[in-house]
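Number of protein chains: 2
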Amino acid sequence: MKAVVTVMPKKSVLDPQGAAVAQAMDHLGLPHVGKVRVGRSIEIELPEGASEEKLHELCRDFLSNPVIEDYELEIR
Amino acid sequence: MKAVVTVMPKKSVLDPQGAAVAQAMDHLGLPHVGKVRVGRSIEIELPEGASEEKLHELCRDFLSNPVIEDYELEIR
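Residue numbers (our numbering), protein chains in the order written: chain A, 7 to 82; chain B, 7 to 82.
A hint or two may mislead.
You can't tell identical chains apart in this list, so a pair holds if it fits in one copy or across any two.
[Said to hold, decoys possible] Heads up, simulated PhoX-like pairs for lysine-lysine below, C-alpha to C-alpha not over 25 angstroms straight-line:
#1 K60 - K41
#2 K8 - K41
#3 K17 - K41
#4 K16 - K60
Since the hints were made in silico from the structure, they are not lab data.
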């Protein structure tokens, strides 16, 4: 089985990298770009039957910083 | 409209960050983790009717490094 974890900065948190990307896209010929947020995407190959609960625990405690980031876990 | 760009290291490229995550997950109680790859996820708010072609161009030339990374563009 495969898990895809997407970690994004919380909406309330300033994302300077996203702001820089938005500004650059404007300069590079795609005008009127709104908010941009830059996060991480992590693809994990897991053995069948791996504990989803443990996976959520690791997403929260290890793969993301819950103070400033939210994560989404998708099992494929 | 909203675009989500996922940029991942190519399968043929060594991903030391992914290898470190896999090893750490093993130590943290999720054994037998296979390959892990760490990439970026970029959410972009766009005006309606923004050029998808231009967006692909920026994904290729600006948001990713096509030598070592692949991107996926999803319009929502």
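ask   = Honestly, which of those hints from before does the structure not fit?
value = none
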